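Residue numbers (this note's numbering): 283 to 808.
Just so you know, the hints here were simulated from the structure itself, not pulled from any lab data. Note that this is a predicted model, so its numbers are computed, not measured. Certain hints may be false.
[To be verified] Once the Cα atoms are required to be at most 27 Å apart in a straight line, the calculated BS3-like pairs of lysine-lysine come out as: (1) K395 to K441; (2) K482 to K493; (3) K400 to K504; (4) K482 to K598; (5) K493 to K471; (6) K688 to K670; (7) K482 to K495.
[As the list claims (entries may be wrong)] Label-pair ranges, simulated between beta-carbon atoms: (8) N791 to R424: 19 to 27 Å; (9) F409 to E807: 15 to 23 Å; (10) I793 to G393: 49 to 57 Å; (11) E485 to A740: 52 to 60 Å; (12) A432 to T369: 28 to 36 Å; (13) A690 to P296: 35 to 43 Å; (14) A432 to T602: 15 to 23 Å; (15) P467 to R424: 32 to 40 Å; (16) A432 to M575: 33 to 41 Å; (17) T342 to G600: 19 to 27 Å; (18) A740 to D621: 34 to 42 Å.
For each residue, glycine too, the CB sits at the ideal point set by N, CA and C.
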Amino acid sequence: MAQAASRATREAVPVSSRVAIIGGGISGLAAAKQMAAYDPVVFEATASVGGVWKHCAYRTTRLQTPRPDYEFSDYSWPNRDDPAFPTHAEIVDYLEGYADRFDLWRYIAFGSKVVDIKYLGGPQAGFTELWSGTGKAPLQGRPMWEVGVATGGIVQWYKFEFIVMCAGKYGDVPRMPAFPAGKGPEVFKGQVMHSLDYCKLSEEESVKLMKGKKVVVVGYKKSAIDLANECAQANQGEGGQACTMLVRTLHWVVPSYSIWGLPFFLFYSTRFSQLFYQRPNQGFFRFLLCLLMSPLRTAVSKFIESYLSWKLPLGKYGLTPDHPFVEDYASCQMAILPDGFFDMADRGLVRFQRASSGWCFSENGVVLGDGTRVEADLVFLATGFEGKDKLRAVLPDPFRSLVVNKSAMMPLYRGTIHPLIPNMAFVGYVESVSNLHTSELRCRWLAGLLEGRFELPAVQAMARHVDDEVDAMRRTTRFYRRHCISTYSIHDSDGMCADLGAATRRKSNWIAELFAPYNNKDYQEE
């Protein structure tokens with residue numbers, strides 16, 4: 283009863299308020315904590331917090347990051363020394379504990395799905411020299427947005443001065459592959475299911491669905507690997523069938539955060555290691571340093587690749603990528619393998635088929651671009667999500683057409699502010715090794731903006747900064763469109779700290795500053 287009372291949520295939403303936060307996942311909770319002074323309204327479409335960890339995770343899904351690297355700066359894991367990666371259920375418990383600790387439940391309106399947003403700022407919209415007209419302290423005492431919220435089948439409208447979009451990149455809108463007429467799922471006699479729908483099944487239902495079936499999993503990223511692993515577990519024993527993974531693009535996979543006995547952070551997560559990688563807005567001498575250090579970057583990548591090729595049977599199964607490891611790390615596409623994954627493959631329970639030239643459905647399964655046929659009773663599409671479509675669905679014109687730029691990325695200054703969308707911020711759309719840290723620091727930076735602690739550059743200057751980020755990522759990886767900051771994350775944090783007037787050097791001495799890893803605890807509020 284005591285916990286139920288302490289988790290009392292928002293009973294009523296005022297007709298007009300200052301700040302709306304859309305989404306109750308990691309970013310939404312961090313935003314609510316940082317903006318508590320404005321009594322924010324958090325609209326969460328479901329009945330619980332947790333975002334993808336609650337609604338888009340398999341039963342065996344675990345975090346890919348050690349606990350100490352995935353925690354809020356002011357709220358530690360109760361068992362942070364446990365070396366096991368947390369399960370999705372543990373992550374939800376941790377987030378609920380965070381909401382308990384900072385009394386965030388009182389801001390949340392559950393079962394409240396945002397279905398439409400209207401702009402109230404007039405015809406000039408966001409096309410001004412300075413963001414929102416002034417480039418600073420956007421809370422001016424007048425509503426700028428009207429939000430349509432569906433609750434129990436009824437849409438009600440509320441006005442806000444500022445909106446923080448935390449709807450997330452994953453879940454809700456599945457990315458579905460397109461096929462020519464007569465080659466899509468309509469010709470297949472079996473069952474087709476996106477991973478989003480699989481997440482909704484219980485353990486009993488998922489095992490029953492896959493047991494004894496010829497299963498094809500399309501994809502080779504984390505969600506596809508986890509799904510294939512669960513399929514293999516369900517098909518152990520008499521009557522079991524192999525699960526076949528269709529692999530279009532190979533990516534490097536990692537068994538643990540240890541490379542030849544060295545901790546992984548040495549290679550990419552210290553200030554010294556990040557000195558040698560491209561970063562946005564770097565001067566000529568830094569560009570020259572990166573050029574001179576190119577052989578060292580290549581050597582580090584090959585050192586890691588040599589370990590992975592020795593530790594894992596990548597060559598045996600034709601799974602060795604033809605691009606350097608650093609390109610996957612720099613685009614946040616490195617996947618941590620579930621325990622025993624290749625053991626399942628060695629036992630014949632997981633098979634791999636390259637589909638680099640495409641694939642389509644047939645009556646009895648799938649056909650690869652080279653004509654190879656793979657029989658199937660069940661095809662899982664672990665093909666990702668269209669997170670930006672969630673934004674386009676609710677944003678009004680002309681803003682919905684500005685969600686992505688010519689590089690197919692969201693053009694966000696400091697990973698938060700769209701230069702042409704006034705009085706709105708986006709949190710959770712930039713990736714890093716620890717998305718939690720990335721979101722928390724951005725929410726703190728955003729709170730500083732609302733408080734008037736700093737001013738934003740002119741719109742054109744912010745646009746140039748975003749273009750520089752794209753160029754830096756393009757020089758590091760062919761997969762730059764994912765907007766991942768992993769190879770310059772400390773520099774990214776430095777910029778936000780400088781804006782806030784906080785120290786950029788967060789360690790106690792210069793040795794630690796150069797060679798110790800940075801994590802959330804380094805960014806505790808001063």
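Outcome of the hint check:
A threshold of 27 Å between alpha carbons decides the hint, and for K395 with K441 the separation of about 15 Å falls inside it, so the pair holds. For the proposed pair K482 and K493, the alpha carbon gap of about 17 Å is at most 27 Å, so the pair holds. Between the alpha carbons of K400 and K504 the distance comes to roughly 37 Å, so the proposed pair goes past 27 Å and is violated. Restraint check: the Cα-Cα separation between K482 and K598 comes to about 34 Å, which exceeds 27 Å; the hinted pair is violated.
Taking the CA atoms of K493 and K471, the gap is about 18 Å. The hint holds against a cut of 27 Å. Proximity of K688 to K670 is assessed by CA-CA distance (about 14 Å); at most 27 Å being required, the pair is judged to hold. For the given pair, K482 sits about 19 Å from K495 by alpha-carbon distance, which is consistent with the 27 Å threshold. Range check, N791 to R424: Cβ separation about 49 Å, and the 19 to 27 Å hint is violated.
Evaluation of the 15 to 23 Å hint for F409 and E807 yields a failure: the beta carbon distance comes to about 35 Å. Between I793 and G393 the C-beta distance comes to about 52 Å, which sits within the given range of 49 to 57 Å. Judged by the Cβ atoms, the range 52 to 60 Å given for E485 and A740 holds: they are separated by roughly 54 Å. For A432 and T369, the hinted distance range of 28 to 36 Å is satisfied, since their beta carbons lie about 32 Å from each other.
Distance hint for A690 and P296: a CB-CB separation of about 38 Å, consistent with the stated range 35 to 43 Å. The beta-carbon spacing between A432 and T602, approximately 48 Å, falls outside the hinted interval of 15 to 23 Å. Checking the proposed 32 to 40 Å range against P467 and R424 shows it is violated: the Cβ atoms sit about 50 Å from each other. Distance hint check: the CB atoms of A432 and M575 are about 53 Å apart, inconsistent with the given range 33 to 41 Å.
The hinted window of 19 to 27 Å between T342 and G600 holds, with their beta carbons roughly 25 Å apart. In this structure the supplied range 34 to 42 Å is violated for A740 paired with D621, their Cβ-Cβ distance being about 51 Å.
Taken one by one, the earlier hints fail for this structure at numbers 3, 4, 8, 9, 14, 15, 16 and 18, listed in ascending order.
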